[in-house]
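2 protein chains.
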Amino acid sequence: MINSLSGYKSANLIGTKGKKGENLAIFSSVVHLGANPALLGFIMRPATVPRNTLTNMKRSKHFTINSINESFVENAHHTSANFKEGISEFEACNLTPEYLDNFSAPFLKESNLKVAMKLEQIIDIKLNDTKLIVGSIENVYLDETALCENGQVDLNALKTVAISGLNRYHKVEEIAKFPYSRVSELPEFK
Amino acid sequence: MINSLSGYKSANLIGTKGKKGENLAIFSSVVHLGANPALLGFIMRPATVPRNTLTNMKRSKHFTINSINESFVENAHHTSANFKEGISEFEACNLTPEYLDNFSAPFLKESNLKVAMKLEQIIDIKLNDTKLIVGSIENVYLDETALCENGQVDLNALKTVAISGLNRYHKVEEIAKFPYSRVSELPEFK
Chain A
1 MINSLSGYKS ANLIGTKGKK GENLAIFSSV VHLGANPALL GFIMRPATVP RNTLTNMKRS
61 KHFTINSINE SFVENAHHTS ANFKEGISEF EACNLTPEYL DNFSAPFLKE SNLKVAMKLE
121 QIIDIKLNDT KLIVGSIENV YLDETALCEN GQVDLNALKT VAISGLNRYH KVEEIAKFPY
181 SRVSELPEFK
Chain B
1 MINSLSGYKS ANLIGTKGKK GENLAIFSSV VHLGANPALL GFIMRPATVP RNTLTNMKRS
61 KHFTINSINE SFVENAHHTS ANFKEGISEF EACNLTPEYL DNFSAPFLKE SNLKVAMKLE
121 QIIDIKLNDT KLIVGSIENV YLDETALCEN GQVDLNALKT VAISGLNRYH KVEEIAKFPY
181 SRVSELPEFK
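Heads up: the sequence lines are chains A and B, in that order.
With our numbering applied, the first sequence covers 1 to 190.
With our numbering applied, the second sequence covers 1 to 190.
Don't read these hints as lab results, they were simulated from the structure.
Treat the hints with care, since some could be wrong.
As the list claims (entries may be wrong) - Capping the alpha-carbon separation at 20 Å, the derived lysine-lysine pairs in PhoX-like fashion look like this: (1) A:K159 x B:K171; (2) A:K118 x B:K126; (3) B:K131 x B:K159; (4) A:K131 x A:K118; (5) A:K159 x B:K126; (6) B:K61 x B:K118; (7) A:K190 x B:K159; (8) A:K177 x B:K171; (9) B:K131 x A:K131; (10) B:K159 x A:K171; (11) A:K118 x A:K61; (12) A:K118 x A:K19; (13) A:K171 x B:K177; (14) B:K118 x A:K126; (15) B:K109 x A:K190; (16) B:K126 x A:K131; (17) A:K159 x A:K131; (18) B:K61 x A:K126; (19) A:K171 x B:K131; (20) A:K109 x A:K58; (21) B:K58 x B:K109; (22) B:K159 x A:K177; (23) A:K159 x B:K190; (24) A:K109 x B:K190; (25) A:K126 x B:K177; (26) A:K61 x A:K20; (27) A:K131 x A:K61; (28) B:K126 x A:K126; (29) B:K126 x B:K109; (30) A:K61 x B:K126.
The model shown is predicted, which means the values in this text are computed figures rather than measured ones.
Given these sequences and hints, build the entire structure.
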């Protein structure tokens with residue numbers, strides 16, 4: 001239940017490469033930390049499955065964040081299984097690693113929105129022994145048709161999904177877009 | 001653009017009460033930190049509008065997280081305007097404060113999912129001068145019909161919205177639900 005209370009969550013697969021090969025792990029906690037410098041963060045629990053992701057990240061300082069599209073939600077979900085070390089979740093879940101512009105970590109070929117990340121800081125949250133992993137954005141790959149005039153990305157066009165709770169996947173449809181809010185230009189509220 | 005890269009974001013209004021009255025501020029960064037203890041977190045930028053929210057929170061140690069429903073997205077969006085100190089965003093945006101079970105912070109009456117929170121920790125993210133605010137869940141209010149057998153909350157039934165970028169609001173529809181993933185029970189992937 002607790003996992004549902006924050007509302008809808010982002011759906012991403014994080015790709016890393018280590019001594020024992022490639023890893024791909026699903027995360028629903030990737031969050032925007034700021035645009036300048038361009039930072040994203042996510043929460044990691046040391047005790048859960050994607051331990052290799054953290055080990056690889058610490059070693060190479062590089063990782064990728066790949067948004068999950070409707071077309072491969074089932075594959076993405078099962079990267080959460082407790083695979084043995086040395087097993088690549090790419091291979092086990094029929095997903096394709098892709099290397100772009102000499103970046104050391106693998107991207108997910110099937111993803112419509114891929115972000116190259118550099119590890120900046122690992123912040124301990126001592127209250128429950130989790131970590132906030134902070135990374136800076138090095139590069140972004142997406143279909144230009146999904147880039148709006150104002151620079152925002154049209155996630156609906158990319159068929160990006162949202163997650164709720166532990167295992168529910170959702171498609172998303174825009175219902176409203178509002179201008180930057182100014183006290184002097186408030187609408188007549190219903 | 002950077003604000004769109006993490007994917008869909010949760011949509012919540014945070015309610016506080018201070019010396020100069022009630023405040024209500026929109027946040028798209030509320031994230032699940034862990035179930036035991038039950039913790040939620042969110043990112044706050046000191047330089048942006050909802051400064052009073054932080055002041056009130058530090059003083060009273062209590063705040064509320066109220067999910068945004070389709071029916072009041074426009075009202076919710078405009079709580080982000082830079083209102084003068086002493087102006088209640090509840091009143092300015094035609095939203096209704098509600099006090100429940102002697103909790104000191106105001107809930108949002110119109111919200112279908114309300115969480116009473118106690119401030120636990122404020123963690124500085126020095127890279128960009130933001131803060132991760134960590135709170136523990138004290139109480140939850142929702143319509144019981146939206147509570148699933150396994151305890152998860154059916155956010156679709158509650159008409160909870162998702163946010164993307166700075167100003168886009170989305171309705172959400174479930175497309176898939178998968179069991180806990182086990183290596184021994186993987187499906188045949190497409």
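Original post:
Does K131 of chain A lie within 20 Å of K131 of chain B when you go C-alpha to C-alpha?
Top reply: holds, 14 Å
Original post:
Keeping to a limit of 20 Å between CA atoms, is the pair of K118 of chain B and K126 of chain A held or broken?
Top reply: Holds: K118 of chain B and K126 of chain A sit about 16 Å apart, inside 20 Å.
Original post:
Going straight from one Cα to the other, do K171 of chain A and K177 of chain B come out at no more than 20 Å?
Top reply: holds, 12 Å
Original post:
Is it true that the CA of K171 of chain A sits at most 20 Å from the CA of K131 of chain B?
Top reply: Roughly 31 Å separates the two Cα atoms, so the pair is violated.
Subject >> Agreement of K61 of chain B and K118 of chain B with the hint, judged by alpha carbon distance not exceeding 20 Å >> reply: The given pair, whose Cα atoms are some 6 Å apart, holds under the 20 Å limit.
Subject >> Holds or violated: K118 of chain A to K19 of chain A, with C-alpha atoms at most 20 Å apart >> reply: The hint holds at about 18 Å.
Original post:
Is the hinted pair K126 of chain B and K126 of chain A satisfied, with a Cα-Cα distance of at most 20 Å?
Top reply: holds, 17 Å
Original post:
When you check the alpha-carbon spacing of K177 of chain A and K171 of chain B, does it fall within 20 Å?
Top reply: Distance of about 12 Å is within 20 Å: holds.
Original post:
Can the restraint linking K109 of chain A and K190 of chain B be considered satisfied, given a maximum Cα separation of 20 Å?
Top reply: holds, 15 Å
Original post:
Can the restraint linking K159 of chain B and K177 of chain A be considered satisfied, given a maximum Cα separation of 20 Å?
Top reply: Between K159 of chain B and K177 of chain A the Cα gap is close to 17 Å, so the pair holds against 20 Å.
Original post:
Is K190 of chain A within 20 Å of K159 of chain B, Cα to Cα?
Top reply: holds, 18 Å
**OP:** Would you check the hint for K159 of chain A and K126 of chain B, treating anything up to 20 Å between C-alpha atoms as holding?
**Re:** Violated, at about 34 Å.
The structure does not agree with the numbered hints 3, 5, 17, 19, 20, 21, 25, 29 stated previously, though it agrees with the rest.
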